[in-house]
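One line per chain: the protein sequences are G and D, in this order. Be aware that the first sequence starts at 215, since it is given in our numbering, and climbs by one per residue. Be aware that the second sequence starts at 198, since it is given in our numbering, and climbs by one per residue.
It is possible that some hints are incorrect.
Said to hold, decoys possible - Result set (BS3-like, lysine-lysine): computed pairs, CA atoms no more than 30 angstroms apart in a straight line: (1) D:LYS568 / G:LYS365; (2) D:LYS403 / D:LYS355; (3) D:LYS423 / D:LYS568; (4) D:LYS509 / D:LYS568; (5) D:LYS548 / D:LYS511; (6) D:LYS355 / D:LYS272; (7) D:LYS395 / D:LYS423; (8) G:LYS547 / D:LYS423; (9) D:LYS541 / D:LYS568; (10) G:LYS291 / G:LYS365; (11) G:LYS263 / D:LYS568; (12) D:LYS423 / D:LYS454; (13) D:LYS399 / D:LYS454; (14) G:LYS263 / D:LYS355; (15) D:LYS454 / G:LYS547.
No lab work stands behind these hints, which were simulated from the structure alone. Please read these numbers as outputs of a predicted model, since none were measured by experiment.
So the chains spell out like this:
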Amino acid sequence: MYPLQNGIGNLIRSLFPENAMLINSTISIISLLLLVSLLPVFLIWLERKVAARFQARIGPMRVGYHGLLQSTADGLKLIFKEILKPEGADTFVFFLAPILPASATFLVMAILPFDHHLQVADPAGGVIYVIGISGLSILGILLAGWASNNKYSLLGAMRSGAQMISFEISLALVMLLIVMITGTASLREIVLSQQGSVLDWWIFKLPGLGAIAFLMYMISSTAELNRAPFDISEAESELTGGFATEYSGISFAMFFFAEFVNMFVSAGIASTFFLGGFLAPQIGIGVIDMLFLLIPGFIWFFLKTFAVIFLYMWFRWTFPRLRVDQLMYLEWKMLLPANLILLMAAGYFMAMGWVL
Amino acid sequence: MDLHTIQIEPGTNGTIPEGFTRQDPSKVSSEEYFLNMGPQHPSTHGVLRLVLRLDGENVLELVPHLGYIHRGIEKVAESQTYLQNIHLTDRLDYLSSHINNLGYCLAIERAMDIGVPERAEYIRIMVCELQRIQSHLLWWGVSGMDLGAITTFLYGFKERELITDIFEELCGARLTMNFFRPGGSFADVPDTFIPRVKNVIKIMHKALQEYDTLLTGNIIFQERTKGIGILSRENALSYGCTGAVLRASGVHYDVRKDDPYSIYPSFDFDIPTGSNGDCFDRYYLKMEEMAQSLRILEQAVARFPEGVYRSKVKTAYKLPEGSYYSQVETARGLLGTYIVATGKPQPYRVKFRSPSFSNLSVLNELASGHKLADLVTILATLDFVVPDIDR
Numbered sequence: 215m216y217p218l219q220n221g222i223g224n225l226i227r228s229l230f231p232e233n234a235m236l237i238n239s240t241i242s243i244i245s246l247l248l249l250v251s252l253l254p255v256f257l258i259w260l261e262r263k264v265a266a267r268f269q270a271r272i273g274p275m276r277v278g279y280h281g282l283l284q285s286t287a288d289g290l291k292l293i294f295k296e297i298l299k300p301e302g303a304d305t306f307v308f309f310l311a312p313i314l315p316a317s318a319t320f321l322v323m324a325i326l327p328f329d330h331h332l333q334v335a336d337p338a339g340g341v342i343y344v345i346g347i348s349g350l351s352i353l354g355i356l357l358a359g360w361a362s363n364n365k366y367s368l369l370g371a372m373r374s375g376a377q378m379i380s381f382e383i384s385l386a387l388v389m390l391l392i393v394m395i396t397g398t399a400s401l402r403e404i405v406l407s408q409q410g411s412v413l414d415w416w417i418f419k420l421p422g423l424g425a426i427a428f429l430m431y432m433i434s435s436t437a438e439l440n441r442a443p444f445d446i447s448e449a450e451s452e453l454t455g456g457f458a459t460e461y462s463g464i465s466f467a468m469f470f471f472a473e474f475v476n477m478f479v480s481a482g483i484a485s486t487f488f489l490g491g492f493l494a495p496q497i498g499i500g501v502i503d504m505l506f507l508l509i510p511g512f513i514w515f516f517l518k519t520f521a522v523i524f525l526y527m528w529f530r531w532t533f534p535r536l537r538v539d540q541l542m543y544l545e546w547k548m549l550l551p552a553n554l555i556l557l558m559a560a561g562y563f564m565a566m567g568w569v570l
Numbered sequence: 198m199d200l201h202t203i204q205i206e207p208g209t210n211g212t213i214p215e216g217f218t219r220q221d222p223s224k225v226s227s228e229e230y231f232l233n234m235g236p237q238h239p240s241t242h243g244v245l246r247l248v249l250r251l252d253g254e255n256v257l258e259l260v261p262h263l264g265y266i267h268r269g270i271e272k273v274a275e276s277q278t279y280l281q282n283i284h285l286t287d288r289l290d291y292l293s294s295h296i297n298n299l300g301y302c303l304a305i306e307r308a309m310d311i312g313v314p315e316r317a318e319y320i321r322i323m324v325c326e327l328q329r330i331q332s333h334l335l336w337w338g339v340s341g342m343d344l345g346a347i348t349t350f351l352y353g354f355k356e357r358e359l360i361t362d363i364f365e366e367l368c369g370a371r372l373t374m375n376f377f378r379p380g381g382s383f384a385d386v387p388d389t390f391i392p393r394v395k396n397v398i399k400i401m402h403k404a405l406q407e408y409d410t411l412l413t414g415n416i417i418f419q420e421r422t423k424g425i426g427i428l429s430r431e432n433a434l435s436y437g438c439t440g441a442v443l444r445a446s447g448v449h450y451d452v453r454k455d456d457p458y459s460i461y462p463s464f465d466f467d468i469p470t471g472s473n474g475d476c477f478d479r480y481y482l483k484m485e486e487m488a489q490s491l492r493i494l495e496q497a498v499a500r501f502p503e504g505v506y507r508s509k510v511k512t513a514y515k516l517p518e519g520s521y522y523s524q525v526e527t528a529r530g531l532l533g534t535y536i537v538a539t540g541k542p543q544p545y546r547v548k549f550r551s552p553s554f555s556n557l558s559v560l561n562e563l564a565s566g567h568k569l570a571d572l573v574t575i576l577a578t579l580d581f582v583v584p585d586i587d588r
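Required output: the full structure, derived from the provided sequences and hints.
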């Protein structure tokens, strides 16, 4: 299972039978690191282009072809900036804080199933692992706010932390729903349980409930990512820039990039749970199905993930912001009861055999 | 020795910023603090300093500090001739500069008994209503942006560019117009003016529907604005608010209807009035006002007459001794121009009654008891332009 039976893994196994596991593991981790490094570069460019198109403009066009090198240039600039530590800030915690969200996203990326045999690791309790690791991101934000020695950063971090902790509950309940339906917590098994046609994807199953669960997942994960309409911590309110005010240079870049990779991870989980992961959509027409099967699985995974990422960006550039108390009200008094009712309804549907 | 024991409010070291009311220390929560929304701030629409007394997120009291953009316009006007002062009125509320010019020219016309030909009146009406729509478009875009929907800023400016381009062809300027003169305007409208105005009307009708879909009907926006910053009728009248702020509280007053100037009585338009006086009403009224301005434009374009664009130009503008006043309805409210003349080429005193100043004065009433995020919403819907407050 680890590193799985793909072409490179088999080649290494034939060449170095006794060290194969070590070499394969190293290769998979390094390739994942490369992906995690290159992904935010692409995603930031995508965000700027998508935002521009929504706003009737065209976005960066000059740096590289259609602005593709823009985020590289921005990253380089951030690397060259001086790293300042505010007076009175706790040094260790101050510099530890940005590392936590970045490592959390990398850890969750490790178990995302990119293809049948392209997954760094597949723990049997993958879902629980995901929910647990998300806590690291929250910890990073809270530490950043506290260690900045800045009243307004602390307030921003507290707000952000409260928001993320609340919506994690809804997120966990939606994931629990999926575990309940599929009977397994391993991400690879969840994808494989959606084999068949397009209508076997969990978003279309359990008449109506799959779609409602997807909607709830989108709302909860948007709040987890601190994105609009839940970006009260990033907004210009409180006069400053939220928890990351005092950070500059590479520390700030780590927060910034972690946010975008987190977006990819949330979208990846959405496509894994609801949209069939790396499975090609089989729509019933023979010729098209055969063509779709020719396209490798990880291309489908990326396509579906980027579709969900487009949804995230669409939300951000359309909706106004929710106020903090409205946000909390939404979670505790609307989303959580709805989630519990959804769970009960799903259980009832399953007992009745209405999985469809 | 006489020792006074001064009761100190917790967390203040005995001094509080000026303007705030001293509270009874036993009733003050220990978590109160003062926050400065300094002159440079993204949501105060200009250089306005607000000092807030906050308890966590709740605003308890608010004191605005003005004067950061005071340029002495009224003083400068005393040393320039009457015609030269028209360009100063551009810079009061720069988003309604044509209407400001009009107010000032009306005062001069009343003083020197100058008539205005019919074509000039139609030009004035059309240009003023276009200016009103342009100002409201900027306000709409910025309101959305303050509330988090950043895209509205670009959408509002997209339509606004159409009108700005018309003005650029008309008078050469995009912001400080200086187009009107006593008796008319300094030039006639170009041939492309009417077709472009017709184009604007057509596009704006569709655009207003799009804006309604984007913001007005959005549940998040409604939750952020309904019930926030309720201004009662009595408060609105006693603080001297005008414009959409006053009309949203239920007072049916618009200078164009109640104290009409130019040829407004010959046009058929309504004055939308609100009932609750909250932010949503103020917002919705301004959207309705844009639709009504389009109505006026349609009627004006339909019956635009031929003729001269300005009555006979006088050799010298020396107002006879006395004081003269005119009122106009700018995009923000009632602008009053009061000129005291002594027969010289320069005025003795020019005083502008600015709508934004009175609208700002009600901010403490509105914001107290709401959260900090609501303050941003209230600022957006009060729609003041800080140079108009400071002059």
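The hints, checked one at a time:
Straight-line distance between C-alpha atoms of D:LYS568 and G:LYS365 comes to about 18 angstroms, which keeps the hinted pair within the 30 angstroms bound. Using a Cα cut-off of 30 angstroms, the hinted pair D:LYS403 and D:LYS355 holds, with the two alpha carbons roughly 13 angstroms apart. A threshold of 30 angstroms between alpha carbons decides the hint, and for D:LYS423 with D:LYS568 the separation of about 14 angstroms falls inside it, so the pair holds. Distance check on the hinted pair: D:LYS509 and D:LYS568 sit about 57 angstroms apart at the alpha-carbon level, beyond 30 angstroms; violated.
For the proposed pair D:LYS548 and D:LYS511, the alpha carbon gap of about 24 angstroms is at most 30 angstroms, so the pair holds. Between D:LYS355 and D:LYS272 the alpha-carbon distance is near 37 angstroms, which puts this suggested pair outside the 30 angstroms criterion. Taking the CA atoms of D:LYS395 and D:LYS423, the gap is near 35 angstroms; set against the 30 angstroms cutoff, the hint is violated. Proximity of G:LYS547 to D:LYS423 is assessed by CA-CA distance (about 20 angstroms); at most 30 angstroms being required, the pair is judged to hold.
The straight-line distance between the Cα atoms of D:LYS541 and D:LYS568 is roughly 53 angstroms, outside the 30 angstroms bound, and the hint therefore fails. Between G:LYS291 and G:LYS365 the alpha-carbon distance is near 28 angstroms, which keeps this suggested pair within the 30 angstroms criterion. Restraint check: the Cα-Cα separation between G:LYS263 and D:LYS568 comes to about 34 angstroms, which exceeds 30 angstroms; the hinted pair is violated. For the hint pairing D:LYS423 with D:LYS454, the CA-to-CA distance comes to about 28 angstroms; that is within 30 angstroms, so the pair holds.
The suggested pairing of D:LYS399 with D:LYS454 holds, with an alpha-carbon distance near 26 angstroms, which does not exceed 30 angstroms. Proximity of G:LYS263 to D:LYS355 is assessed by CA-CA distance (about 18 angstroms); at most 30 angstroms being required, the pair is judged to hold. For the proposed pair D:LYS454 and G:LYS547, the alpha carbon gap of about 48 angstroms is over 30 angstroms, so the pair is violated.
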